[in-house]
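Protein chains in written order, with the working numbering: chain G, 1 to 468; chain A, 1 to 143.
Just so you know, these hints were derived from the structure itself, not from any lab.
Hints may contain errors.
[Said to hold, decoys possible] Mimicking DSS-like on lysine-lysine, the simulated pairs with C-alpha atoms at most 27 Å apart in a straight line are:
id : chain 1 : residue 1 : chain 2 : residue 2
1  : G       : Lys277    : A       : Lys6
2  : G       : Lys149    : G       : Lys230
3  : G       : Lys115    : A       : Lys42
4  : A       : Lys94     : G       : Lys115
5  : G       : Lys149    : A       : Lys6
6  : A       : Lys42     : A       : Lys79
7  : G       : Lys277    : G       : Lys230
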Amino acid sequence: MEQSPTEPARTPNDVGLWFMLLGLLALAASLLFGVLGAFKFLYPEFLEELAFNKLRPLHVSLAVSWIFLTAIGGIYYYLPNFSNLSSFSNRIARWHFWIYLVTGLTILGAYALGKFGGREYWEFPPILALPIFLTWIMFGVNYFTIAVKRRTAWPLYYWMWGTGIVFFFLTFTESYLWLIPYFRENMLREIAVQWKSYGSLVGSWNMLVYGTALYLMEKISDDEGVARSKMAFGLYFLGLFNLMFGWAHHTYPVPFAAWVRDFAYVVSMTELFLLGKIMWDWRVSLSTRQKFQHRRPYRFLFASDMWVFINLILALVISVPALNLFTHGTHVIVAHTMGTTIGINTMILLASVFYVLEQRVGQDVEIRHAQPISIGFWLANGSLLIFLAALVAAGLIKGTYESDSFQDMMETIEPYLLVFAVAGVGLMVGFWLLILSAISHMRGLVFSLQSDDCPSSKQLGRLSLFDN
Amino acid sequence: MTPSYKRVIFGSFCAVFAVYSAYVWTAGTDIPQNRSPGHQVKAGLALFQEKNCIACHQLYGLGGHMGPDLTNVVSAEGKGPDYARTFIENGTSKMPNFNFNETQVAALVQFLGFVDSSGTYPPKNPEITWYGTVAYGASKNTE
Chain G
1 MEQSPTEPAR TPNDVGLWFM LLGLLALAAS LLFGVLGAFK FLYPEFLEEL
51 AFNKLRPLHV SLAVSWIFLT AIGGIYYYLP NFSNLSSFSN RIARWHFWIY
101 LVTGLTILGA YALGKFGGRE YWEFPPILAL PIFLTWIMFG VNYFTIAVKR
151 RTAWPLYYWM WGTGIVFFFL TFTESYLWLI PYFRENMLRE IAVQWKSYGS
201 LVGSWNMLVY GTALYLMEKI SDDEGVARSK MAFGLYFLGL FNLMFGWAHH
251 TYPVPFAAWV RDFAYVVSMT ELFLLGKIMW DWRVSLSTRQ KFQHRRPYRF
301 LFASDMWVFI NLILALVISV PALNLFTHGT HVIVAHTMGT TIGINTMILL
351 ASVFYVLEQR VGQDVEIRHA QPISIGFWLA NGSLLIFLAA LVAAGLIKGT
401 YESDSFQDMM ETIEPYLLVF AVAGVGLMVG FWLLILSAIS HMRGLVFSLQ
451 SDDCPSSKQL GRLSLFDN
Chain A
1 MTPSYKRVIF GSFCAVFAVY SAYVWTAGTD IPQNRSPGHQ VKAGLALFQE
51 KNCIACHQLY GLGGHMGPDL TNVVSAEGKG PDYARTFIEN GTSKMPNFNF
101 NETQVAALVQ FLGFVDSSGT YPPKNPEITW YGTVAYGASK NTE
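In isolation and in its complexed conformation, chain A is listed as follows (with noise of 0.2 Å):
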C-alpha cells in the first residue's frame, strides 16, 4: 500500500464521517418530543449534573448501576411523581439525603417527567428476527 493510497482511503474514510455525524446529528435525531423543556425541566437537569446522579443511576439503561433506572420511573405502574419525590426529598440507605429545597426538588421531578416523554425503557413487545435484529415496537415518543 503507497502512501497516497492511504491518504486517500484515510481522508475518504474522514469525508464520509462528516456526513454521517452531521446526519446523526439532523436527522438520525430528529425525534419528535411529546414536550419541550421548559425553566424547571432545565433547572432539573443541571441538579442532575451537579448532583452527578448518573454515577449511580441510569437513563435508557446508561449509567450507574447503584440504583435503578429513572427512565420511566414517572410513569411506572405503582411508582409515578410522589414516589420519585419522596426518594428525592429523603434519600435512602443507599442515596445520600441531598438536602433539597421545595424548589430543587419540583424541578428534578419536572425533569424526571421531561425525560419520561421522550420514550420508553425497557422496550415493550420486542421483536427479534432470525438475523438478530430487534423490533422495539411503539416507544412514548412515537405513540
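This is chain G alone, in the form it adopts within the complex (with noise of 0.2 Å):
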C-alpha cells in the first residue's frame, strides 16, 4: 500500500537526513578548503604547510561529497514516503552511510598525508574507490526494490534518479579503466577514456540533482503534470543522449581521432533546443515565481534556473571548437564546472534541505532564521556572479594571451584572480549563514533534540542509526 506522498512515513526512515547534515558539513569544509585554495594559488607562501596539490582535493572532494549525499538524502528521505517501506532496507542504508563516513574520512586522511592516486576528482588512493562501489550497490539494491513496487507509471523523477544510479556506477568503473595496461599504456586512449568517464560521470550526478529538482517542482506546484508530459520526458532523453554521447568538448585538442570530436560538437549543439526552450518558458517562470516565492525552497529553485540560463550559455561557448580554441585549458572551464556545481547543484540541493527543514518543523525555521538565511541567498548569489565574471575574463585574457611565458601570463591575470578569491570568502560567508541555519534545525532531527516545536519528529522517536 503507498503512504500519502505529503505524509512522512511512520518508521524510523531518517537515515536520508544524516546524509543531509553530513553533505551539509561536507559542503561548508568544502567552502573553507576552497577559499584557502584561492588565496593560496595567489600567494604560495600561505599556510606553507597545506600545499595546493593537498588543497585542491580537499576542496574538490568536499564538493563531489555534498552533492552525492545531498542528493543521496533527499532520495532516501522522500522514497518511503511513497512506497511500501517493508520492502526498503534500513539496515543497508544505515551500512551506506557508516561506509560512506569511513571512507570520506580515510580519503581526507590520505590527502593530509600526502598519499594520491592522482586523478583528476579521484585524487585518492584507487583501492579507496572498492568501498564507494559498494556504497552504490547498496543504494541501487535499495533504491530499485522501492521502485520496482511501485504499480503506477513511474514520474520523471524516477527515471532520472534511477538512471543516475546505474550511470555513476557504470562511468566510475570506466573511469578506472587505466589501472587496465591496455588503457594506460597508451596515452592518448588513457586521456579519452578518463575524460569520457568523467563527462558521463557529472552527467549521471546531474541526474540524481536534477530529478530532486523535478520532485520539488512537483510538491511545491502540487501538479503532477509537471513529472509525467511528454516535454519532461523529451528533455529527460535529450539530457541522456548528451551524458552519453557528449563528452569530448573536454578533449577537443587532444589529437585522437576526428570523428569523435565532431560527433561531441553535433551533440552538444543539441542543447540550443534546451536553451530555447528555457527562453520560450520564461514568462511563465516569472508567472510562477510571484505564485510560489513566498515558499523557501522555491527561491532557491528559481536561482537554480538563473544559473543553468548563464551555464548553459557557457557551455554551448566551450562546445563551439573554434571558440573552445580560447577557452580550453584556461579558467573559463573551471567558471563552469564552479557554475554548474554551485549555482545549479547546490542551489537545487539546498532547496531540497530547505523543503525537508518546511515539511518538518513547518515556518519554524523562517521564524528563527529568516535574516541569515536572505543575508545568505542574496550574499551567496551575487558573489557567484562576481566569482564567475572574474574567472571567465581570466580565462579569456590567458586564452588569447601572445606570450609563451606562463609567469607574465600569470602576472597579468592575478588582478582578476585576486577579485575571485575575495568573492570567494563572499561566497562562503553567504552559504555558511545558510549551512547553519539549516544545521541547527537539521541536527535537533537528527538527534530528536527537539521540542514541542517539531512534533513529526517526536512521532518518530529518536532515530538509532545501530537499530535494524
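Once you've looked at the hints, go ahead and assemble the two chains, each given alone in its own frame, into the complex.
Right, dumping it as C-alpha cells:
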C-alpha cells in the first residue's frame, strides 16, 4: 500500500537526514578549503604546511561529497513517502551511511598525509574506490527495490534517479579502466577514456540532482503533470543523449580520431534546444515565481534556473571547437565547472534541504532564521556572479595571451584572480549562513533534540542508526 | 509516452552507448605512439600520480592552473629535459621541493618525454571552418 505523498513515513526512515547533515558539513568544509586554495594560488607562501596539491583535492572531494550525500539523502528521505516500507532496508541504508563516512574520513586522511591516486576528481588511492563501489551497490539495491514496487507509471524523477545510479556505477567503473595496461600504456587512449568517463559521471550526478529538482517542483506546485508530460520526458532523453555522447568537448585539442570530437560537437549543439526551451518558458517561469516566491525552497530553485541559463551559454561556447581553441585549459572551464556545481547543483540541493525542514519543522525555520537565510542567499548569489565573471575574464586573457611566458601570463591575470578569491570569501560566508541555519534545525531532527516545536520528530521517536 | 515506449527508447540508447564506448576504447583511440612506455616511464607516471602533480599542472590543457602545461615541456623551444629536471629537483616559490632522488627525477623526465611524444599541445596552425570545427594540423603522433 502506498502512503500519502505529503505525509512523512511513520517508521524510522530518517537515515536520509543523516546524509543531508553530513552533506551540509562537507559543503561548509569544501568552501573553507576552496577559499584557502584560492589565496594559496595567489600567495604560495601562505599556509606553507598545506600545499596546493593537498588543498585542491580536499576542496574538490568535499564538494563532490556534498552533491552525492545530499542528493542521496533526499532520495532516501523522499522515497519511503511513496512506497511500501517493507521493501526498504534501513539496515542497508545505515551501512551505506557508515561505509561512506569511514571511507570519506580515510580519503581526507590520505590527502592530509600526501597519499594520492593523482586522478582529477578521484585523487585518492585507487583501493579506496572499492568501498565507494560497494555503497553504490547498496544504494542501487535499496532504490530499485522500492521503485519496482510502485504499481503506477514512474514519474520522471524516478527515471532520473535510477539513471543517475546506474550510470554513476558504469562511469565510475570506466574511470578506473586506467588500471588496465591496455588503457594506461597509450597516453591518448588513457586521456580519452578518463574524460569520457568524467563527462558521463557528471551527467549521472546531474540526473540525481535534477531529479530532485523535479520532485520538488512537483510537490511545491502540487502539479503531477510537471513530472509526467511528454515534453519533460523528451528533455530527459535529450539529457541522457548528452550524458552518453557529449563528453569530448573536454578534449578537443587532444590528437585522437577527429570523428570523436566532430560527433561531440553535434551532440553538444542539441543543447541549443534546451536553451530555446528555457527562454520560451521564461514568462511562465516568472508568473510561477510570483505564485510561489513565499516558499523558501522555491527561491533556491528559481536561483538555480538563472544559473542554468548562464551556464548553458558557457557550455555552448566551450562546445564550439572554434571557440574552444581560446577557452580550453583556461579559467573559463573552471567558471563553467564552478557555475554548475555551485549555481545549479548547490541551489537545488539547498532547496531540497529547506524543503525537508519546511516539512518537518514548519515555519520555525523562517521564524528563527529568516534574516540570516535571506542575507546568505543574496550574498552567495551576488558573490557567485562576481566570482564567475572574474574567472571568465582571467580565462579569456589566458586563452588569447600572445607570449609563451607562463609567469607573465599569470602576473597579467592576477588582479582578476584576486577578485575571484575575495568573491570566494563572500560566497563562503553566504553559504555558511545558510548551512548554519539549516544545521541548527537538521541537527535537532537527527538527534531528536527538538522540543514541542517539532511534533513529527517526536512522533517518529529517537532515530538510532544502530537499530535494525 | 507509454512506459513500454520509454523502456524501448532507454534500452536503445544504452545499446548504442555500449557500442559507442567499445568503439572509443578501441578504434577511436587506436593512436600510433612514437614510443612504448618502458620501466622508467611507468615509474614516472606512478610518481606523477602519487604526488598529485595534476592538481597544479596540465597535460593537453587538462588539470590544474597553478603551474604551466607540461605536454611538450621537454621539447619546447628554450626548454628541454634539463629545464624540466631543474624544476623537479629544486621546486620553485610556487612548487614544493619533493626531495626526489636521482632515480625518481630521471623517471619523471622520462615520463614527460613519453607524454611529449604522444602529440602537440597547443595545436599548431589550427584551421577554423565557418561552421565552427577546427582542423588541428600536424601533431607529433601523426608526423
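Quiz item: Hint numbers the structure violates, sorted upward?
Solution: none
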